[in-house]
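Take the given structure of chain W and dock chain H to it, following the hints.
Those protein sequences? They're chains W and H, same order as listed. By the count of this note's numbering, the first sequence reaches residue 544 at its end, each step adding exactly one. By the count of this note's numbering, the second sequence reaches residue 544 at its end, each step adding exactly one.
Since the hints were made in silico from the structure, they are not lab data. Possibly wrong hints are sitting among the right ones.
Same chains, same label: a pair holds when it works inside one copy or across any pair of copies.
[As the list claims (entries may be wrong)] Pairs of lysine-lysine, BS3-like flavour, derived with a Cα cap of 30 Å:
| hint | residue 1 | residue 2 |
| --- | --- | --- |
| 1 | Lys129 | Lys496 |
| 2 | Lys106 | Lys321 |
| 3 | Lys521 | Lys377 |
| 4 | Lys150 | Lys125 |
| 5 | Lys150 | Lys222 |
2 protein chains.
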Amino acid sequence: MADKRTIRIGLLGFGVVGQGVWKNIEKNRQALEYRLGAVLDITQVVVKNLNRERGVQIPGEIYSDDPARVVDNPEIDIVCELMGGTGAALELTRRALSQGKIVVTANKALICEHGEELFKIAHENGGHYFYEASVAGGIPIIKTIREALVANRFSMIFGILNGTSNYILTRMEREGLSFDATLGDARELGYVEADEALDLDGVDAAHKAVILAFLAHGKWVKLNEIICEGIREITGDDIRIAGELGYKIKLLAVIARDFKANQLSVRLHPALISKSEVIAGVDEVYNGVSVTGDVVGTTVLIGRGAGQDATSSSVISDIADAVFMLQGAPKAAISEEDEAVYARLADGLELTAPEDLEGRYYLRIHVQDQEGVLAALTDLLTKHHISFATVNQKELSDGTARIMLTTHQSRESNIRAAKEALAGLNIVLSPPVSFRIFEPEV
Amino acid sequence: MADKRTIRIGLLGFGVVGQGVWKNIEKNRQALEYRLGAVLDITQVVVKNLNRERGVQIPGEIYSDDPARVVDNPEIDIVCELMGGTGAALELTRRALSQGKIVVTANKALICEHGEELFKIAHENGGHYFYEASVAGGIPIIKTIREALVANRFSMIFGILNGTSNYILTRMEREGLSFDATLGDARELGYVEADEALDLDGVDAAHKAVILAFLAHGKWVKLNEIICEGIREITGDDIRIAGELGYKIKLLAVIARDFKANQLSVRLHPALISKSEVIAGVDEVYNGVSVTGDVVGTTVLIGRGAGQDATSSSVISDIADAVFMLQGAPKAAISEEDEAVYARLADGLELTAPEDLEGRYYLRIHVQDQEGVLAALTDLLTKHHISFATVNQKELSDGTARIMLTTHQSRESNIRAAKEALAGLNIVLSPPVSFRIFEPEV
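Looking at chain W on its own, in the form it has when it is part of the complex:
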C-alpha cells in the first residue's frame, strides 16, 4: 500500500449529518487511512443555501450550491446524499445511480418510498446504493443482517427504531410525567423532528421497518399496507398499569415471518413488552434491535439510533465499504493482517502493568469472630492506602466470621500487598479473596 489511491467524495447536504461526516473523517483521518489503505478527500460539498451559518468551516472552493459538481462529476467516486427528504434527493440519487455511481445515504424516507426504483436503477447501471445510516443510526443492523447473518433466514426482527419516542416514554415512566409535559422537554432539547408526525406518529420508525423487511425478506411493503401507530395515546396510567403487570410500553417495529404459511407481517406500534426482554431495557434515546435467525438464534444490538456522530459513524462505514469496492480489493484488506498498518496504529502503545490498575474492589476475609477484628483490618488496610465504602459481616456457626467489604478507589498493587499482609494476620483464617468492581467510564 505504498501509493494510496485518493478516493473523491462529494457531499450533497451539509446539515447535522454532513458536518458530522466531515468532522469525524478529519478527527480519525490517520487511523481511517491506515485501515482503508486510501486517502479520503471530500472534494465537493453542495448545499441549498450558501449563506446559512454552519458550525464546521470548510474551504470555500469546494463549497457550492450546484449539485452537478457532485452528481455529474466524473471525478467523484462516492456521492453521499445527506440532504434528506424525497424531493431533490430523489432526483439527484436517480441521476447519480443511473451514471453508475456509488451513493451512500442516511435517507430512510427516500429508501422506504422509492427504494424499489432506486435499487433497480443502481443494478441496471452498475451503481451501488449503501444505506447503513438509514436505520438505527450508529447500530450496524444493515451489515449484520446482510453479511454477518447471511447464513440465516429471519423468523423475527423487532426493536426500538425511534429515539425521540423512546426518550419520551422513558421519561414518562421514570418521572411519572404526562405525554405533553415530556414532549415539551423533548422539543426544547431539539430531539423532535420539525415534522413531528415522523417521531410521534411512528412514521420514521415505520420507514425503517419497511427497509429492514426488504433487506431480510426481499419484499417491498408500502407504508399504507401496514399498521403504523405512534405514541400520542399513551398515558401515565397505561405505563403504570403495564409496569404492575411486568411490562414496559415501547414503540416497537415488528417484522415477523411465518415460513410455513409464507406470510410476512410488518408493523409499527406501541406495545407492552415483558421487562425480562432485553429490548424492554433499552431506554432514553437508545435504539435496539432483536434479530432471530434460524441458525444463529437471537442476537440483540443496542446503541445510539440518531445524532450527528452515531449517524456519521455509519455513513463512514459505508464509505469504507465503497472504498474497497472501488479498489477491487479484498475486503479483508481492512488490514488486521497487514502488519505494517497495525504497527502504525499501535505505535508506542504500551500495555499497562496489572499492578498499575486502579479501581474499586470487593474483598472477602474469613476471620476469627472476636472483638477488635474490624479495627485490626481497618488499620492494616489504611496502611496500604485502602479505605472502604461498605462492610458486611456474617457470623458462621463455628465461631468464625466472613467480612465482605467494598473499597474506594484503590491501586491493584496496594490491594495485592494488603491481601498478602492480611493472610499473615493471626485472626485471618484463609487467604482473602478479592474481586474488582467494574465501572466503565463512558
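Same frame as chain W, but now just chain H:
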C-alpha cells in the same frame, strides 16, 4: 449471475462446529446461493479418526483422514480449520496460508497464541485468515469492530465472552446454589470443555480478549502479561452481598485504552458490575460485548456465544466474505440491489393483512362509574370472542372511571370491531384505546 461459480470448501475437522457448518449450509443452501451468487460445494472433509461415529452423514468419497486433500489441493478455494487446538491445526494453517489460501477458523487458542505469525504468513503469501467464529460465537463482533465501526477509535471494550461460566454464575445467583453444585449440572449438560480450566479459570475468554485487543488496537498481548482469573473463588455469599449493593458478578473481559497516555489494559476477571449496565443483564449461556467508540458512542451486542449453530453461523458468514473476495466482486453483491435474487427469495411471500394478526391486547376504556359497567363490557367483549386476563379500575374524581384490561389471545379484527362497538355504548365516554402485547415466539 447466470453462471454461478462453484466455490470449493475443505473442512479440517468434523466435530460439533464442522457438522454444524455442513448442516446449516445444506439447510439454507437456496437462500445462501441466491445471496452469494455462487454455488457452495464442500468438496473434502478431513478427520483424524475415520471410524468415529458422527451425527451427520456425508458422502464417503469426500471423507478422508488426509489433510493434504484440503491444504495442498489447488482445487480448494476455502479451507475451514475447525479442528481446534494448537498442534496439527497450527501446522496445517501455516501450510494453507503460505500457499496463499483463504483460511476460515473458529480456533481462538490458535489465534491468541500464534496469530501474529499466522497473519504475517497470510500477508506475505497473499493468503487470508478469517476468524469471526473465534470470538463470541454467533455475535458478529469481529465484523462490527473491523468494518461497521471503522470510523472509530475504541476507548473501552468489555463484555462476557464465556457462556459456561456465565451459565454457572446465573444459576448460582438465581437459585442460591454453590459453585460446586452448579458446576456439576453444567458438566452433565455438556457445557464444560474437556479441559475445564478453559472455562473455569478464564483462559477461553482471555484468548478472546487478546484477539479483540489486537483487532481494535493492533497490539498482540501475551496471556502471561495480563490478569486472567476465573470464577472458582466466587461464593453464594459474594453474589448475595453484591446483589444487595446493586451489582451482579460477571466474568468480564476488559480492553481499555487510554489515548492520552497511550496505554492499553487487557484483562479477564470476575467483576462486580452495576445492574444498570446492559451487560449485567446478559445471563445464562449468552455472551455480550459493549464497544465504546469515539464517534459512535456505546454499542452493545448480545447473542449466543457458543454452540454448534451459532458458531457455524459465523463460520458461514466468513465463508460468504471469502466468496466475494474470490469473485473479486463488490461486496454489495450480497444482493439487496439484485432484484432477480430478491424476487426469488420473496417468492410467493404474502403480507399478512393487519386484521389477521393475533395476540394479546391491553385495552383502556373510559366509562361512567356505575353499577353493571364491568358486566356490560364483559358481555360485549365475549360477543367479539375476547376474554380478559387482568382488569384494573381507577375511579376518577368526576364520577367516571378508567378500566384497563389485558386480554387473552385475540384477533385484531375482533379487537377493532369490539372497540367500535364499545364506543357506541352509552356508558363508554370516549373511544377506547388499545395497545398490543408483544411476545416474541422464539
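For the identical chains here, do Lys521 and Lys377 meet the 30 Å Cα criterion within one copy, between copies, both, or neither?
Classified as between: cross-chain Cα gap 27 Å, same-chain 40 Å, threshold 30 Å.
Between copies, within a copy, both or neither: which fits Lys150 and Lys125 at Cα up to 30 Å?
within (20 Å within a copy, 54 Å between copies)
Between copies, within a copy, both or neither: which fits Lys129 and Lys496 at Cα up to 30 Å?
neither (53 Å within a copy, 56 Å between copies)
With 30 Å as the alpha-carbon cut-off, assign the pair Lys106 and Lys321 to within, between, both or neither.
between (40 Å within a copy, 23 Å between copies)
Checking Lys150 and Lys222: alpha-carbon separation at most 30 Å within a copy, between copies, both or neither?
within (28 Å within a copy, 49 Å between copies)
Consistency note: the structure conflicts with earlier hint 1 alone.
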